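Asks: What follows is each chain in one-letter form.
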Amino acid sequence: MVLLAGCGKPDMGNFKPGVADACRAMPAFISKTGMGAQVAIDTQQQGYMGLRLLQPQSGKSWQHPSWDDAGHVGAFARDRDGNIYVAPTPDVSLAENPPALQNRIYRIDAQTGEMALWLELPAVAPPSPSNPFGTMGLFYDCDTNSLYASSLAGSEPKQANGRIYRVDVATQKVMSQLENTDAIGVGVFNGVEHKRLYFGSARSSDVYSVALDAAGDFTADARHEFALATLPDGNTTSARKFSFKQERDGQYVMQVKEVEFGFRLLAENNPHRRMYRFAYQPGQGDWQFSGAFPEVGE
Amino acid sequence: MKFHSGIILCLAFLWLGGCGDDKPKSVTLPVIDKFADTSALAKAVPGEQWHSDIPQLADYWQRVQAALQANPPILMLNAQELPDAKAQLAQQLAVANAKFLQFTRDEKTHEALRNEIMTVRKALPADFNGNAGPCAQAECWRVEMYDHFHNASTIAFVDVGQQQVLGVSRQNYTQPDLSPRLVALASAIAGAAPEVQAILQDRNRQPDKKDFKTALQDSMCERSHHLCVAPTYVFENDALWAIVDLTAGKLVGTRWTDLGASGPKTVVTERSLENETTFRNFCEKVNSLSQDGWNMEYVITGSDGLQLSKVTFNGKQVLKNAKVMDWHVSYSTREGFGYSDAIGCPLFSSAVVIAYNGPKTEPIVKDGQEVGFAVVQDFRQPPWPTPCNYRYVQRFEFYKDGRFRVAQADFGRGCGTDGTYRPVVRIDLDAAGAGSTDTVAEWNGADWTAWDKEQWRLQDDAKFSGEGYQYRVTGKDGKGFYVEPGRGQFGDAGRGDHAFTYFSAYKPEEGEQDTVTMGSCCNKDYQQGPEHFIEPAEPLKDKDVVLWYVPQMKNDGNPGSEYCWADTRVKNGVQNIEVWPCWSGPMFVPVK
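Residue numbers (the numbering used here), protein chains in the order written: chain A, 31 to 328; chain B, 416 to 1007.
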């Protein structure tokens, strides 16, 4: 009886509802840079390449010599130890971001600040000049010590070959993956019912989610959440980045940043980019749109 | 895919074995849209023809023009459209309010902008997010106005009892519900469009296409920032969307969508129509053109712009192919700052400046006579002309007398007024027919001197024949072309090319295939990329040669002398982007 009851119902764990990446630590190396504690990780890449630390007030910046080794970068995520995981992302040209080197994750060591290749993701096909993208979205989940990464490597106009991976940070191994899924932004939130990974389609403005089990692996419980295009005054852009926080009144909020995406290079100065806010509805386990605002910061 | 056991190990083994394998699970998303190939952009039709075909549009346009002359410049709802006296009073009170009028004229020039009252209705509880303020006690009316210039909405709450405006808010990039007038107009424009009529009147339609209902769907014009909407024709299993641009009064395009329950709803918009149509028709297939004795193939590449190939005149090949490899942009006041922009397809490409549509042909008229035609391809970054975004245009001119020109221009606006643009153009000439060997000669001030090896020259250091020719490229039969660089003589406001020219011996691996960006953005000397193909210099004698042409244009944003520049102005109350292109490119003149 126990055996039969278990079949088809994975252990979904018992996670405390709320933000799943709250444990992220500030890297220890920052204290050695002389930048102070109030610094931001800046990937705007206006006049420089890669990451840098920025004091928003003074405009003072600092960059480790290795931080431009991956060329232009896009998504990044910090883990509980302060390590920073970074995705290379071509921007204005492929000269600094050869397609063959895009389906990777780099890691900035929390202690030394040195950036080095951490993982090469297994793709259906490598990136190419007609789809130069590999790793796109990154999100760290504290509960399972997992790094989620989306990749568009090998996708074609009429064939979605992208994947979303769960990488076990401790072993640096891919433990689970969603096939045929072209996604950009990814983000994890612990709902009332269970943990879900939210992801933005690279081919439309749709946002989907998939339930994660106790280990953080993907289940078959996937659903469409919303589309940026059908929100009041929405847009046909793709969801580029997810972030979650808890407001002072206890309300959980999801913020979604957008990007106009067409599997072509991304460089453009768009002053009209927006950020979409949603409030968590514990009763329904879903998100209610609460407004769109001009995008600020990374 | 692994399941967390949480139970006794021995059971866990059985449990996994009994519940399927340990492979990762996949989620199937509706990424492949079976109707994606049905997108079509409407053919350009002059505004006058739309007005003559659609009386409602002509009437609406007259009212728009009258409103632009009025003070305040607002197209209001008339008594027929808004019969309720209180609603009319609310509208009158709103348009008399200074804050409501704040953005109805251009801030600098005070020109009238196109504003239009969309809705006047009683305020609803949902309008206030739970806090109705003074409207909790009063009879409030909500007045919504759309600002076509800024693509923004202004909302006023009016207490008609006290005859005062209680509050005004403004939302940028927000389009309110349409007025009944515009709903009807959208349907009229869609219904009158030849593209829609052709489908609806097709007597051979499938049975499930015999009957349809009409509906109005939300849509958007993300690139033009115009007010757009989608009248749809809903059939049994699918729907035809017609995207109508109400600001311009025209059809943008059409597309079918599935009505099935599988997956989320497809939203058809200006951007999706332009991307899908351009990619399918001009990136995924090679097209051909035949006109005035000229024949050619053309395709939009992934990163080398529009490429013409196999170009013949009167049956003889003169160009193997020609394209723009890159646009180098550098800024003089910021050392090393600039970009190498690749131009190309809007989807699945390495381009950063993209095509919104395929190439157009247009006649070249001189002294009232049509002397040839031009193939023109436009590339833009979507936020253009906002700063640090670019627009480039390729223009290939073909004349009835056998001349041709490979030209291109920047249309601004870039990151400042200290920019220099250097397009890297590859021209694979066939001076004496397909596969011919060529002889390159340079004018030395008195005669033509043959080049015996690969090299480069700066136009500013060159000499020109009396006709303005810098080079002569001929085959063994003596036939071929003179190369006449731009020195401001082509009547296109070009100020001279100041070009680096390079002649290299043809090698297929040297730029013939679609090539990612080459060379640095910011070199000021001859090192623009093609130098790699002439160093070390190889003999040119009896070789098929390739001409690399890198003009240099310094931009100018000063009023009155703009060059490589763009600015947004007011025209008929809406945004009109004025451009000052900097054209460059050589003319190829047949050697008689």
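The set of hints was computed from the structure by calculation and includes no laboratory data. These figures come from a predicted structure and were not determined experimentally. Don't take each hint at face value.
[As the list claims (entries may be wrong)] Derived SDA-like pairs (lysine to any residue); straight-line CA-CA distance at most 25 Å: (1) B:LYS680 - A:ASP198; (2) B:LYS680 - A:ARG253; (3) A:LYS188 - B:THR453; (4) A:LYS188 - B:LYS939; (5) A:LYS39 - A:GLY313; (6) B:LYS449 - A:GLU290; (7) A:LYS203 - A:ALA241; (8) A:LYS275 - A:PRO152; (9) B:LYS939 - B:GLY911.
[What the hints assert, rightly or not] Now the in silico label distances, taken between C-beta atoms and shown as ranges: (10) A:GLY315 - B:LYS514: 40 to 50 Å; (11) B:GLN464 - A:ALA130: 32 to 42 Å; (12) A:ALA130 - B:ASP957: 34 to 44 Å; (13) A:VAL326 - B:LYS514: 43 to 53 Å; (14) A:ALA130 - B:LYS939: 51 to 61 Å; (15) A:PRO301 - B:VAL701: 51 to 61 Å; (16) A:ALA250 - B:GLY548: 29 to 39 Å.
We treat Cβ as the ideally placed atom computed from N, Cα and C, and that holds for glycine.
Asks: Does each hint fit the structure? Answer for all of them.
Replies: Consistency of the hints with the structure:
1. B:LYS680 - A:ASP198: 35 Å, violated
2. B:LYS680 - A:ARG253: Roughly 14 Å separates the two Cα atoms, so the pair holds.
3. A:LYS188 - B:THR453: 14 Å, holds
4. A:LYS188 - B:LYS939: Answer violated: A:LYS188 to B:LYS939 is near 42 Å, above 25 Å.
5. A:LYS39 - A:GLY313: 22 Å, holds
6. B:LYS449 - A:GLU290: Status holds; Cα separation ~22 Å.
7. A:LYS203 - A:ALA241: Given pair A:LYS203, A:ALA241 holds - Cα atoms ~20 Å apart, limit 25 Å.
8. A:LYS275 - A:PRO152: 32 Å, violated
9. B:LYS939 - B:GLY911: 17 Å, holds
10. A:GLY315 - B:LYS514: 40 to 50 Å: Between A:GLY315 and B:LYS514, where Cβ atoms are some 42 Å apart, the hint holds.
11. B:GLN464 - A:ALA130: 32 to 42 Å: Between B:GLN464 and A:ALA130, where Cβ atoms are some 52 Å apart, the hint is violated.
12. A:ALA130 - B:ASP957: 34 to 44 Å: 38 Å, holds
13. A:VAL326 - B:LYS514: 43 to 53 Å: About 26 Å separates the Cβ atoms of A:VAL326 and B:LYS514, which means 43 to 53 Å is violated.
14. A:ALA130 - B:LYS939: 51 to 61 Å: At roughly 32 Å between Cβ atoms, B:LYS939 and A:ALA130 fall outside 51 to 61 Å, so the hint is violated.
15. A:PRO301 - B:VAL701: 51 to 61 Å: 37 Å, violated
16. A:ALA250 - B:GLY548: 29 to 39 Å: 49 Å, violated
In this structure, the earlier hints numbered 1, 4, 8, 11, 13, 14, 15 and 16 are contradicted, and the remaining ones agree with it.
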